[in-house]
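These protein sequence lines are chains P, R, A and B, in that order. Here the first sequence is numbered in this note's numbering, starting from 1 and rising by one per residue. Here the second sequence is numbered in this note's numbering, starting from 253 and rising by one per residue. Here the third sequence is numbered in this note's numbering, starting from 575 and rising by one per residue. Here the fourth sequence is numbered in this note's numbering, starting from 983 and rising by one per residue.
Hints listed in this document are in silico derivations from the structure and should not be mistaken for laboratory results. Beta carbons are placed, not taken as given, at the ideal position from N, Cα and C, and that holds for glycine. Don't take each hint at face value.
To be verified - Part of the chain A face toward chain B, derived, beta carbon under 7 Å:
# : residue
1 : 681
2 : 798
3 : 821
4 : 827
5 : 829
6 : 871
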Amino acid sequence: MSILEGKRVTKNFGGLTAVSEVDFEIIEGEIFGLIGPNGSGKTTLLNLINGIFPITDGEIHFGGQRLNGLRPHQITHLGIGRTFQIVRAFEGMTVKENALVGSLFGTKKEKNISKAMKEVEEVLDFVGLGAKRHYKISEITIADRKRLELARALVMNPKLLLLDEVMAGLNPREIEGLMEIILTVNRKGITVLVIEHVMKAVMGISQRIMVLHHGRRIALGSPKEIAENEEVIKSYLGEKFARRERTFLKRG
Amino acid sequence: MVNLGRKGWLLIGGGLCIFLFLAPFVLRGYWIRLLTNMFMFAVLAESVNIIAGYCGYLALGNMFFFGLGAYTVAVLMTKFSFSFFSALLIAGLGASLFSVIVGLPVLRLKGQYFLMGTVGLLELLREITTNISLTGGGQGITLPIFPGGAAAANHFFYHFMFGLMLISIACTFYISKSRLGYAFRAIKFDEDAASVMGINPTPYKTAAWAISAFFTSLAGAGYAYWMSYIDPGEVYQIMPSVKMYLMMVLGGAGTVLGPIAGAFFIEFISELVWGKFLELHLLILGLVLVFVVIFTPKGFIDLFQRGLTPSKLLSGIKANRI
Amino acid sequence: MKKGKVCVWSSWGVILICGLVLVISSELVSAQEAKIQIGAAVSMTGRLAKEGNLVKKGYETWAEWINGRGGINVGGKPHKVEMIYYDDKADPTTSAKLTEKLITEDKVSLILGPYSSGIAAATSAIGEKYGFVTIAPVANGDFVYERGFKYLFSVLSMATGDLVPVAELAVKQIPKPKTFAVVVLDHVFTLPSLEGVKKRSLELGLEEIYYGKFPVNTSDFSGILTTIKSKDPDLLYFGGFFPDAVSFYRQAKELNVNAKLYTTTGTAGHPDWLSVMKKDGDYVLAQVTWHPDMTYKGPFFTSVSYNEFWKKRHGEDSSFFSACGFVAGILMQVAIDKAGSLDQSKIRDALRGMDIETFFGGFKFDEKGKNIAHRMGIVQVQAGKQVLIDPPRPGVKLLYPAPSWKER
Amino acid sequence: MEASCFSEASTDFISNHEERDHMVGQVLVNGFLQGGFYACIGVSFSIVFGIMKVINLAQGTQIILGAYVTYTVSQILRIDPFFTLPLAVIGLFILGYLIQKYIINLVAKGGLVITSLLTFGLNLTLINVALLIWKADFRGTNPWYMGMSLEIAGVTIPYVRLIIFVIALLFTIFLELFFRKTETGNSIQATALNPKAAQLMGIDIGKTYCLTFAISSALGGAMGTLFILAKPISPFTGGDFLIILFSVAILGGLGSIPGALVAGIVLGMVESFSVMFFGIEYQKIALNLVYLLILIFLPKGLMGKRFYG
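Just chain P, same shape as in the assembly:
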């Protein structure tokens, strides 16, 4: 059954429409890909889901609960975790402290700090930051910051995880690693929504993919369908990639 459902979701900034009448439905337990050219409204859609922007028109439901008009922290407490495209870690706090905030104030609002510390350390080990837990944010690499973003979202132990371009700017090896992590997370039963530009990754891990273009939904379906969808190819993927992808999918 669906965990997150959007009906004719629309957002206007003054004159221009960033997202218009997008319908979507995310099935519990799946990895749902969201792709589209820059400025196609992907991040805006995320901001609408977790309440950073007020929604102009339409409705978003999370497990039956209507999200319209809720403040970000309320939505977080319902069980939606999120990472930021431009990393928004708390400079001046250590890696561990950053993650700790998530577990103290996230979905389960851990009261006991030492207990929180423990699980934070587990999560940090899981995303591979265990060794750097005492580093200041300024002292760690982009890749690590992305991992931290992920960790911060995970310790909030969400039912739904929104990942905004966690792979942007990483080298292939790091990407492989992150894909692994995301799949493991998903296996633990956490539904995941990924925004990605790295086609290979998003095609590889998502069960279903939605394509946005100029704020409209131009396609929704399995990676295979998307790769073959003419409009998508025209407006976004481009022939060359599509061909390679088809052959890639044929081989299975």
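Fit chains R, A and B to the supplied structure of chain P, relying on the hints for placement.
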């Protein structure tokens, strides 16, 4: 510097406290007064540290809580013949309540606008106090003299401010270790990210300001009784606010003991300055401000950490210059 | 974390060292003692710097003068005096601290008071604590003396009497004034004087047709003046700081607001008034604590000879602020002479019993330490000069009614 | 006491009608003329605030320094204060440029606490320097036309205030044109919007900031010249401007010059009408209340951008 364990530090700290507690019994009046003054500023710096250093909201006008406390006590003691301590309690709680009330609208402002808002509040409260006959208006108000001679008074106010300082330190220490502290700092560094991570900023901001208000107001209350005469122009000043910020920055914003150390340091400096150069102290205080922010924008604790070599000093500049 | 802590404590170390240095240095200061040390904390900077420095000048000159005569006579043998000055920055806290420093650290034998009521209120409390006589040279807000202090003495009569002579003068004039308006700065400096003259005027049967209190730093009086103009009072009582008075009367001229008599607290007697206002300053009245043309006689000086002495030293008339400082010194010295020792309680009793006339005027203190023998002088600015018109002198009369701004 | 003069101040207007109308006219003019001056000093603060996000707590004293230049020069050369205006402008321009180049730029990226502390430190330093040079005495000018005024329909308009108003207005308009039309002006605005982008476009941020601060300082100097015509000054007078500077900047909106102009005049009106309706002792309260209410309820100011976040 040798690194004693936690116990060692506790020992030193405790020793220092006992020493300071007994000090007034050996020191002469001026020194008692000087230290009392330092404790007072330490309290003020610490309470600014809570709202600005931890929570990142720069309440430059924070001194209006000081005036509020001072006048609450003054009016209650003279016009309604309250005892000092009951008046004190009311002053503290009153200020916190007030901070919550004005906080709801004012804490919505960010950065410069919050800063300027608090300055506006300072001015407004001064003008209002000047215009109410209950507070003695512009003529100021005279409090009852502390009964029981010079020594008794000196010791009373010394220990009052000293105790207040210890409490404020303890409170800040608790905050820094508790969920509150994490929430404050998260809000300071990135309020949106904080709210996405499940922190509802409003109550935390308000709490931070209320605590800050509480201590500032108590300090003001003590001050009023200590000076035994106050007028609006004197207790609602912006100058001490700025001094508080200097102390906080110098000692290290968002650390427990930094502001305290900063307060002591600055008070000693200005004390030395008056003695020597009569007509230059503004200039010197001004230059101290300028040099501090240029060379040690993160406070001298940070400087100690990085080491005191000239190159390190210059790196302090490099961080912020354009 | 640990590291941070280490640093915090090391900084504490630095501070404690600073403290030690300070202790030692102060010890060195208070070590040498030969003469009578007299301490004074006055405002050399801050909002009251101008007046504070003038008072200090009075103290300095007195010290030179007394040392020139061999010093203060204590029980038969003269002691030279040595002054210690601190700058209280016109801030009561600082002033209180410095006064306590003078008493407990520098171990001075005598204290000469600070400038202004607000600050005297703070320092007198210290003097009282240690049983030190405080002679307040220029602090005549009644509230300062209403706290039952035993060691506090005022050089001046109380502020509520400051402008009373103006009202008394006015009602003697032809055409007799009927109405008056009061415009006053809401501040301890000005309120008492204006309240006093208001009360007296009402007693004398004048009618109050306007009363306005303005806050500190009011720059624009045109609103208030417009109101006053519509009421057209005979007497205009104004009380405010120097800049307030200047912009008030300038705007009065601009808006052509006329009265038969203009008054300010102090300001028109202020040294800077003439240089700033030029001829627009004419006809305005103000109280002065002292004036060279006064005709008091006393030990050491008459009003005239004092001013000549001052002229020789400084090449200018003595301002009344300096006179207050100077006479405070003389009081102290007379009291010690009479007490025959430096014992504060003896000095206090000497002052209590005192009833003398000096170049400054009479001195007789009531049980609260108010000087009941002193009477403010009233000056009117006539042709760019501050002319003493009260106490009355032959050949000097009040210019009344003042011509309208247009006719000047 | 307050109560009594409250009623007085208000009743007399109800009592007599054409007196009241004439009164309103006068008060209107007063507020307007005062407002012009407020607007201009406000602008001098507002541009630094809007463009560099720096709260210049020394602005008041810079204005006073301008006044001192005027005072000194007109005393020495025995010339009309107005003719010293260019000197005040140039002098303060240079001072401002140096301050920004060698002091403020060193901490420009330091954030709000740092810059505010710095400007306050500068303020103290400047005050003390002024104190050493000119002493604590009150200094004032008194040209021959001081206090003269023309009368139109029972409303008196003092020449000095009129001239002050006009000059202040000219300065403001000139500045607005400078920002709109000239290339330098545009580059300054670009820097204001987004320093990083501006840098990429090849604008020298440091230099732009110096220029901005210098302009603001120069404007302050000019206003000093005008101020000392109306009121005597001492080194400590500068602090009195603070809340006006803030109010104009806030009410006018972040760094918006036309906004500041309107704001200044609105404040002037509030000031003089509050006197008319409530009595003068409520003037400052009214000002501060308006200031806070705007800050809280009118986030965009009158013509500026919004200022949450």
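Outcome of the hint check:
Hint on residue 681 of chain A is violated. Least Cβ distance to chain B is approximately 31 Å, over the 7 Å limit. With a cut of 7 Å, the hint placing residue 798 of chain A at the interface with chain B holds, because the nearest CB-to-CB distance is about 5 Å. This hint holds: residue 821 of chain A has a C-beta 5 Å from the nearest C-beta of chain B, less than the 7 Å allowed. The restraint placing residue 827 of chain A at the interface with chain B holds, with a minimum CB-CB distance near 3 Å, inside the 7 Å limit.
Checking residue 829 of chain A against chain B by beta carbon gives a least distance of about 5 Å; that is within 7 Å, so the hint holds. The beta carbon of residue 871 of chain A is not positioned within 7 Å of any beta carbon in chain B (closest approach about 33 Å), and the interface hint is therefore violated.
Consistency note: the structure conflicts with the earlier hints numbered 1, 6.
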